[in-house]
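Novice: Here is how the chains run, residue by residue.
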Amino acid sequence: MQQDLLDISAASELISAGKQLLIAGEENLLAQLPQGRWIGGSIPYFITPGLGGTQSQDKVFVTDISEIVDKCRIHTYTATTIGSIYTDAGSNGFSIIIIPAASKVHATFSVNAPNYKDFGSQPLVGWISGVHLDELAIKKPIVVNGETGEMLTDQAIVMHVDLVAGKTVDVGIVNLFEQGNGEILTFEKDGFESTDVNVNGIKENFYEYLTKNNIDTKLPLVADYYGTMINISFQSLNRNEPVKLYAPVFSGIRYKIARPIENYPEEFSKQLVMSGLQEQQILFSCNCILNYLYSDLKGNKTEQFVGPVTFGEIAYQLLNQTLVYLQLNDA
Amino acid sequence: MNVPDKTNPKWAEIVTGKKNYPLKFLAAKIMLSRIMRTTGANPTPENISASVNELYSLYSANINVPSAQTDIQTIFG
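In the order they appear, the protein sequences are chains A and B. Numbering that gives the first Met the number 0 puts the first residue of the first sequence at 0, with every later residue one more than the last. Numbering that gives the first Met the number 0 puts the first residue of the second sequence at 0, with every later residue one more than the last.
Derived by calculation from the structure, the hints in this document are not laboratory data. Please read all numbers here as calculations on a predicted model, not as lab measurements. All C-beta atoms in this analysis are idealised placements derived from N, C-alpha and C, irrespective of residue type, glycine included. A few of these clues could be false.
To be verified - Distance ranges between label pairs, derived from CB positions: (1) B:Pro-8 x A:Thr-86: 23 to 31 Å; (2) B:Gln-72 x A:Gly-298: 21 to 29 Å; (3) A:Gln-234 x B:Lys-18: 35 to 43 Å; (4) B:Asn-7 x A:Ile-183: 49 to 57 Å; (5) B:Glu-12 x A:Asn-111: 42 to 50 Å; (6) A:Val-163 x B:Lys-5: 25 to 33 Å; (7) B:Asn-7 x A:Gln-54: 46 to 54 Å; (8) A:Thr-80 x B:Lys-9: 35 to 43 Å; (9) B:Lys-18 x A:Asn-111: 27 to 35 Å.
Please build the complete structure, drawing on both the sequences and the hints.
Specialist: Here it is as structure tokens:
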């Protein structure tokens with residue numbers, strides 16, 4: 000399986016050869032690719048096998064999954080239809096989803112995915128597409144239906160895959176953040192923003208709480224989901240406004256501010272060794288733009304975990320500041 | 000590998016939080032964090048039964064997934 004940064008000509012050859020591909024890159028590059036069995040999303044940042052973290056505005060990152068695909072179906076979903084994603088999935092494979100950042104379908108999926116009918120019916124991974132950070136105010140993230148050539152700003156694109164016989168996949172995450180020793184934070188409503196927070200059960204203004212305690216908002220909120228740490232990253236803090244987040248908080252979940260990480264690449268390598276992951280075959284992975292920025296991944300490698308850098312990661316539901324991967328196994 | 004029947008009492012013990020296991024299957028952990036809040040807030044037989052059905056269906060649909068198989072072994076031996 001190929002996972003690498005390719006120029007348009009090489010990517011086009013793979014498409015024309017009938018390969019099933021996941022492609023990430025700048026919108027103007029994705030627009031030049033021929034129609035075929037691929038889905039894509041905009042982003043110019045990548046973790047590559049050769050360079051580690053890098054950005055490119057003349058190449059696209061291609062993940063070729065053809066070897067393990069028996070059949071695949073490409074679907075688009077709106078904010079109204081995304082609720083059937085798990086019901087539409089097959090029974091012997093996995094699904095890959097790409098959602099444009101800041102779209103209605105992004106918001107809907109993020110808040111509701113754990114409650115969707117048939118949640119988890121088969122593995123679901125993917126990413127939130129983005130744009131160059133200098134172009135946040137002028138460009139919209141897009142996804143591409145490679146079969147039709149459509150470039151979409153308000154729909155999710157999904158490839159539902161049936162695996163070839165003898166293979167299985169599993170979804171995993173690598174999240175270096177753990178809950179720190181601070182207060183327990185809870186919220187009264189689900190959502191991407193909150194004016195108030197309950198601090199050890201006592202209601203406070205969220206902005207005031209963060210500023211008076213000098214909280215480093217490069218560190219996410221972390222919740223314990225039955226032993227797995229799930230992050231919610233801070234987007235912006237402005238006096239007299241709700242605190243904005245990159246993923247929704249949920250009422251009833253107990254959050255804490257994360258413990259700081261000293262050296263992401265070093266800690267990442269240690270965690271791979273501890274979990275035995277360094278020997279595993281990784282079909283697909285993606286990592287968060289905030290890890291790329293805050294943990295200085297530019298020029299640094301994360302072992303065999305290569306792929307797009309994202310505005311949000313999906314492992315059954317939306318995650319933040321987390322590496323998501325799909326692991327390939329023999330049945 | 001077969002998924003043990005829904006009548007096995009271990010299913011209800013998990014969804015009510017009476018027993019905790021070191022699970023590996025990420026979808027189950029996400030689901031459990033939600034359904035345990037429901038059964039914790041309102042532990043009626045109907046809610047517990049609905050939660051068992053959800054969790055059982057999830058493992059049944061994913062019985063070929065390695066982490067789900069590991070969990071079934073961890074829970075039921």
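Novice: Quick check: does the Cβ-Cβ distance between B:Glu-12 and A:Asn-111 fall within 42 to 50 Å?
Specialist: 28 Å, violated
Novice: Is it true that the C-beta distance of B:Lys-18 to A:Asn-111 lies inside 27 to 35 Å, as the hint says?
Specialist: With a Cβ separation near 29 Å, B:Lys-18 and A:Asn-111 satisfy 27 to 35 Å, so the hint holds.
Novice: How does the Cβ-Cβ distance of B:Asn-7 and A:Ile-183 compare with 49 to 57 Å: does it lie in that range?
Specialist: Given range 49 to 57 Å: violated, Cβ gap about 34 Å.
Novice: Is it true that the C-beta distance of B:Gln-72 to A:Gly-298 lies inside 21 to 29 Å, as the hint says?
Specialist: 42 Å, violated
Novice: For A:Gln-234 and B:Lys-18, compare the CB-CB distance with the range 35 to 43 Å and indicate the outcome.
Specialist: Between A:Gln-234 and B:Lys-18, where Cβ atoms are some 38 Å apart, the hint holds.
Novice: Okay, A:Thr-80 versus B:Lys-9 on CB: inside 35 to 43 Å?
Specialist: For B:Lys-9 against A:Thr-80, whose Cβ atoms are near 37 Å apart, the range 35 to 43 Å holds.
Novice: Is 46 to 54 Å a correct range for the gap between the Cβ atoms of B:Asn-7 and A:Gln-54?
Specialist: At roughly 52 Å between Cβ atoms, A:Gln-54 and B:Asn-7 fall inside 46 to 54 Å, so the hint holds.
Novice: In this structure, is the beta-carbon distance linking A:Val-163 and B:Lys-5 contained in 25 to 33 Å?
Specialist: 32 Å, holds
Novice: Given the range 23 to 31 Å, decide if the beta-carbon distance of B:Pro-8 to A:Thr-86 lies inside it.
Specialist: Roughly 30 Å apart at Cβ, these two residues keep to the hinted range, so it holds.
Hint compliance for this structure: hints 2, 4 and 5 are not met, and every other hint is.
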